[in-house]
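Chemist: Listed here are the chains, written in short residue letters.
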Amino acid sequence: MSPTLSPRTARIASVFGLALQLARRDLRNRYLGSFSGGAWALVQPLVQLAVYSFVFGYIFRQRLPGADAPGYVPFLVVVLWPWTAFAEAVSRATTAIQDNASLIGKVALPRSALVLAPVLAAFAVHGVGYLGLLLVLLVVGAGIAPAGLAAMLPALALLFLFALGLALLLSALQVFVRDIAPALPQLLMLWMFLSPVFYGRNVMPEAARPWFDLNPMTGFAEYLRFMLLGMPAPGWPALACSFAGVALAVLAGGFAFRRLQRHFEDFL
Amino acid sequence: MSVLVQARGLGKSYPRVFRRSDRLRALVNLLAGRASGEVTPVLQDIDLKVARGQSLGLIGDNGAGKSTLLKLLTGVLTPTHGRVEVNGRIGALLELGAGFHPEYSGRDNIAMSATLQGFSADELAARLDDIVAFADIGHYIDEPVKHYSSGMVVRLGFAIVAATRPDLLITDEVLAVGDESFQKKCIRWMEDYLDQGGTLILVSHSMYHIQKLCRQALWLRQGRMQACGDVFEVTQAYLAYHERKSAGEDSRARDLDAVRGLEFHVRTMRVNGEEAETLPALEQGAALTVEATIASRDGRVPVVNIGIARGDGTPVYGVSSDMDGVQPAPLPDGDYRIVLHFAELPLLPASYTIRVHPLDSEGMRLFDTVERTLTVRGRSPESGLVRLAHVWEHAAPLSRSRSE
Numbered sequence: 001m002s003p004t005l006s007p008r009t010a011r012i013a014s015v016f017g018l019a020l021q022l023a024r025r026d027l028r029n030r031y032l033g034s035f036s037g038g039a040w041a042l043v044q045p046l047v048q049l050a051v052y053s054f055v056f057g058y059i060f061r062q063r064l065p066g067a068d069a070p071g072y073v074p075f076l077v078v079v080l081w082p083w084t085a086f087a088e089a090v091s092r093a094t095t096a097i098q099d100n101a102s103l104i105g106k107v108a109l110p111r112s113a114l115v116l117a118p119v120l121a122a123f124a125v126h127g128v129g130y131l132g133l134l135l136v137l138l139v140v141g142a143g144i145a146p147a148g149l150a151a152m153l154p155a156l157a158l159l160f161l162f163a164l165g166l167a168l169l170l171s172a173l174q175v176f177v178r179d180i181a182p183a184l185p186q187l188l189m190l191w192m193f194l195s196p197v198f199y200g201r202n203v204m205p206e207a208a209r210p211w212f213d214l215n216p217m218t219g220f221a222e223y224l225r226f227m228l229l230g231m232p233a234p235g236w237p238a239l240a241c242s243f244a245g246v247a248l249a250v251l252a253g254g255f256a257f258r259r260l261q262r263h264f265e266d267f268l
Numbered sequence: 001m002s003v004l005v006q007a008r009g010l011g012k013s014y015p016r017v018f019r020r021s022d023r024l025r026a027l028v029n030l031l032a033g034r035a036s037g038e039v040t041p042v043l044q045d046i047d048l049k050v051a052r053g054q055s056l057g058l059i060g061d062n063g064a065g066k067s068t069l070l071k072l073l074t075g076v077l078t079p080t081h082g083r084v085e086v087n088g089r090i091g092a093l094l095e096l097g098a099g100f101h102p103e104y105s106g107r108d109n110i111a112m113s114a115t116l117q118g119f120s121a122d123e124l125a126a127r128l129d130d131i132v133a134f135a136d137i138g139h140y141i142d143e144p145v146k147h148y149s150s151g152m153v154v155r156l157g158f159a160i161v162a163a164t165r166p167d168l169l170i171t172d173e174v175l176a177v178g179d180e181s182f183q184k185k186c187i188r189w190m191e192d193y194l195d196q197g198g199t200l201i202l203v204s205h206s207m208y209h210i211q212k213l214c215r216q217a218l219w220l221r222q223g224r225m226q227a228c229g230d231v232f233e234v235t236q237a238y239l240a241y242h243e244r245k246s247a248g249e250d251s252r253a254r255d256l257d258a259v260r261g262l263e264f265h266v267r268t269m270r271v272n273g274e275e276a277e278t279l280p281a282l283e284q285g286a287a288l289t290v291e292a293t294i295a296s297r298d299g300r301v302p303v304v305n306i307g308i309a310r311g312d313g314t315p316v317y318g319v320s321s322d323m324d325g326v327q328p329a330p331l332p333d334g335d336y337r338i339v340l341h342f343a344e345l346p347l348l349p350a351s352y353t354i355r356v357h358p359l360d361s362e363g364m365r366l367f368d369t370v371e372r373t374l375t376v377r378g379r380s381p382e383s384g385l386v387r388l389a390h391v392w393e394h395a396a397p398l399s400r401s402r403s404e
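Chains A and B are the protein sequences, given in the same order.
Be aware that the first sequence starts at 1, since it is given in this note's numbering, and climbs by one per residue.
Be aware that the second sequence starts at 1, since it is given in this note's numbering, and climbs by one per residue.
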């Protein structure tokens, strides 16, 4: 006998269970055709790490901005993987409702599970890769702080919520206005280069630096580098903007999705 | 009896979206909490109550809203008006292959469907063998669903629903895809399920299936409830409507002025004492009396022909007064009146037309036609037009058992 849950909790649990099932099926399908199967999810980031080390360590001889830095590759990896998970989650989830149009008119299922599933899948795949990379960097002595591994988890959880909020908002809007999905990759790329992913805020001109606080991604990037690499801590304005961004995305996404979901079938 | 499903004032409309700007306007309206704009109603004012253990058949023409109603009841679609309350678990078989992913194997799709219906992994594992056995599609169970024939898809879908034993089973016209033996298996399963207190809502164009499985029927016409009640009455009314439709009835109306100038015309026609166009329904085997009063312009005696036809125009029986060696008797005001009496009408339940024609004294020229619609009511499952007198011989009494 399962413990009695409130209807709301039970509903959320069922959405989550269904999303997990969908995500698992999606991942299995993605790696089904490859020989290495699930191992590919671990091998791929390692290969990518090797490529980055080669390109940035030998070809470009990228010097890290800032004196106390542990080298460019750890500097990049620590932020690039969470960003990749975030960007992939948002872009895959945006078309989730549209792609599952055949399911929506025919099967009774909680529609938010369709959006939650790709977000879960993206964070699972890249989360595993991220963890593997951090462990490798730790072992080779690239200056990763072991304590930071636990401290980064709340940041990743918030980033997950951020992605989910945006995914709910964009997937609901995409049903009505189909222009979002094609424009999204360009916007995400622009956002990536406007965020301190490939560079640090300190290489920017003095006048431009305060503006970075307005980008919710800045807080995430600087927090991760602070915790894992011991780089300077992010300022309060940047962190506040990150929190505000997450809260806004979750509220707006939840509101729009609740308002629009009962009309999806009419516009698909 | 507990109510399993209740719908009140249920309606569904689709928005009219023609131009690109319509989508944007609808989006803004919906976000602001207003209606989306112009809509086309497909289902209106449906009130429905299905108690536990009931069986309801949904009938109606294509596009009458049957599938939409099923989807509203199962929660696949959200109603525009009204509300649906469901107090139990629904198992639905709505469209061919709905919810199946073509790239995945039958087993994977079973797992997904079970999750969608709220089953845990353990419960699924316990039922998996039953499902595979019921579907009976051999090694195809491990192949992608895209390689299935449509019959196999239905087999798999029905097997999943059957294994999950829902409180309410809802099926659309998908069973018709299965082959004869599978259809029989499904019907037998459904009869079993009903015997054990299951509840069923079935859409079918086969009145045979509806009458066999359902006690109640709901006839939808152009998105509205046309009739709801006992399955035999509703299906008979529905079939009669179809017969009339294909006979192209209602086309010729009687031109009274033109008829008055003729040598003979029908002044009044009464069926069982009623003068109304549509008569109260008659029980099967009841008596029928047709009374005709004929006006004669020149005072000559008419021959009166009375005929009965099926709603679709198929003649059942016709007889003239002169054939039986009689003629209408005169009335004081110069008209002629005759009464035809059937003591025990052998007509089977359906809709019929009764016609009265006056002919000239020689029985050669036909002058006027007046008709009435008559519905014969009954629970008889016999087929055809009339019950012929019959006796079975070398027959033993039937022992009623459903599990053959």
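Because the hints were derived from the structure by calculation, they are not lab data.
There may be inaccurate statements among the hints.
What the hints assert, rightly or not - EDC-like, lysine to aspartate or glutamate: derived pairs with alpha carbons at most 20 Å apart:
1) B:146 - B:136
2) B:184 - B:130
3) B:245 - B:257
4) B:146 - A:265
5) B:245 - B:312
6) B:146 - A:26
As the list claims (entries may be wrong) - Quick list of simulated restraints, FRET-style, between CB atoms:
7) A:44 - B:61: 54 to 60 Å
8) B:102 - A:178: 20 to 26 Å
9) B:146 - A:199: 43 to 49 Å
Even for Gly, the Cβ is constructed at its ideal location relative to N, Cα and C.
Chemist: Taking the hints in turn, state whether each one holds.
Modeler: Verification of the hints:
no.: 1; hint: B:146 - B:136; verdict: 17 Å, holds
no.: 2; hint: B:184 - B:130; verdict: 18 Å, holds
no.: 3; hint: B:245 - B:257; verdict: 28 Å, violated
no.: 4; hint: B:146 - A:265; verdict: 24 Å, violated
no.: 5; hint: B:245 - B:312; verdict: 8 Å, holds
no.: 6; hint: B:146 - A:26; verdict: 17 Å, holds
no.: 7; hint: A:44 - B:61: 54 to 60 Å; verdict: 56 Å, holds
no.: 8; hint: B:102 - A:178: 20 to 26 Å; verdict: 24 Å, holds
no.: 9; hint: B:146 - A:199: 43 to 49 Å; verdict: 48 Å, holds
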